[in-house]
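Trainee: Position one of the sequence shown corresponds to residue 26 (the working numbering), numbered consecutively onward.
Derived from the structure by calculation, the hints contain no laboratory data.
Some hints could be false.
Claimed, not checked - No farther apart than 30 angstroms at their CA atoms in a straight line, the calculated lysine-lysine pairs in the DSS-like style are these:
1) K299 - K309
2) K309 - K202
3) K100 - K131
4) K299 - K100
5) K140 - K100
6) K140 - K202
7) K100 - K213
8) K140 - K272
9) K309 - K131
10) K131 - K299
11) K202 - K299
12) K272 - K213
13) K202 - K213
14) K202 - K100
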Amino acid sequence: MKDAVMESGRGRGPPNQNNNTRPPIKFSIDKDTTVIEEIPSPSPDRPSVRVAVEGCCHGELEAIYARLQRLEREKESPPIDLLICCGDFQSLRNLADFHSLAVPHKFRAMGSFYKYYSGELVAPYLTLFVGGNHEASQPLQELFYGGWVAPNIYYMGASSVVNFCGIRIGGVSGIYKNHDYRRGRAEKPPFDNSSMRSIYHVRNLEVYRMLCLSNSIQSTPLDIMISHDWPQGIEQHGDTQGLIRRKPYFQREIQQNCLGSPPNNEMLRALKPKWWFAAHLHVKFRAQLVHGKTEQGSMPNSGASLSQKAQVTDLVP
26 MKDAVMESGR
36 GRGPPNQNNN
46 TRPPIKFSID
56 KDTTVIEEIP
66 SPSPDRPSVR
76 VAVEGCCHGE
86 LEAIYARLQR
96 LEREKESPPI
106 DLLICCGDFQ
116 SLRNLADFHS
126 LAVPHKFRAM
136 GSFYKYYSGE
146 LVAPYLTLFV
156 GGNHEASQPL
166 QELFYGGWVA
176 PNIYYMGASS
186 VVNFCGIRIG
196 GVSGIYKNHD
206 YRRGRAEKPP
216 FDNSSMRSIY
226 HVRNLEVYRM
236 LCLSNSIQST
246 PLDIMISHDW
256 PQGIEQHGDT
266 QGLIRRKPYF
276 QREIQQNCLG
286 SPPNNEMLRA
296 LKPKWWFAAH
306 LHVKFRAQLV
316 HGKTEQGSMP
326 NSGASLSQKA
336 QVTDLVP
């Protein structure tokens with residue numbers, strides 16, 4: 026366990042500081058890079074909310090909770106208010122759910138979610154998650170618009186917005202595939218190899234529902250956005266070369282501007298959340314996007330914030 030201070034920058038060089046960025050965020054990480062963030066809250070009774078963020082969960086829910094509890098004990102830190110999981114949650118309730126799990130057989134495991142579903146264990150933290158591309162799709166399809174999968178564990182559905190202690194949180198499940206993006210949803214059990222995968226592909230209708238929020242962001246801004254996919258092009262707003270050094274096979278996608286999800290980039294630009302958390306690519310990366318900046322680098326008189334953040338984190342499974 027170690028303490029780290031990360032700073033966000035933009036461009037292809039290392040992160041930098043300027044007068045327009047927020048101060049560095051201090052958080053604790055261990056080998057699985059769980060991130061703890063202090064999110065300001067508008068509630069007078071609670072000035073900030075302590076949020077833990079996991080990347081891909083891969084069914085290891087019991088281990089994640091244990092790690093967070095250990096972190097609280099060892100660091101004597103304030104209690105965690107909310108755990109966010111950014112996909113690949115794998116909410117397997119029983120063996121039958123394996124029939125809707127799109128994971129290679131050698132990686133299939135029951136995980137520990139079933140203990141929370143059955144009531145054997147109770148989640149020690151309120152947990153919020155979106156779906157990824159390695160999910161037991163049957164239980165998530167039953168809660169297409171979101172709902173409680175177990176006591177204290179809430180699924181955001183295909184796309185939705187919730188309010189927690191005055192903090193507005195949006196979420197979109199799945200990953201982007203161009204060939205399915207404008208198709209309807211016809212998948213139903215029993216799933217075959219094709220529908221087991223197309224069911225977790227994002228559709229334009231779900232993105233449209235989120236984009237409708239753009240009309241109200243001035244009066245009720247979106248504080249946090251959660252997805253599995255990264256927004257397309259977000260690697261240009263952090264340490265791009267450092268990312269390529271750690272993941273050299275990303276270089277071609279970065280050069281072709283096809284790393285990440287185009288719809289997520291559209292939502293990022295329209296909704297302007299203060300924080301964006303995503304996973305999927307199994308690498309830790311931090312970025313900052315300044316909304317409203319023109320090509321000449323000046324700020325228009327639109328009231329756009331200089332400190333809106335687009336942040337991507339991940340947990341190595």
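Trainee: Next step is simple, just say for each hint if it's right about the structure.
Mentor: Each hint tested on the structure:
no.	hint	in the structure
1	K299 - K309	holds, 19 angstroms
2	K309 - K202	holds, 23 angstroms
3	K100 - K131	violated, 37 angstroms
4	K299 - K100	holds, 27 angstroms
5	K140 - K100	holds, 28 angstroms
6	K140 - K202	violated, 33 angstroms
7	K100 - K213	violated, 47 angstroms
8	K140 - K272	violated, 35 angstroms
9	K309 - K131	holds, 25 angstroms
10	K131 - K299	violated, 39 angstroms
11	K202 - K299	holds, 26 angstroms
12	K272 - K213	violated, 36 angstroms
13	K202 - K213	holds, 19 angstroms
14	K202 - K100	violated, 42 angstroms
Consistency note: the structure conflicts with the earlier hints numbered 3, 6, 7, 8, 10, 12 and 14.
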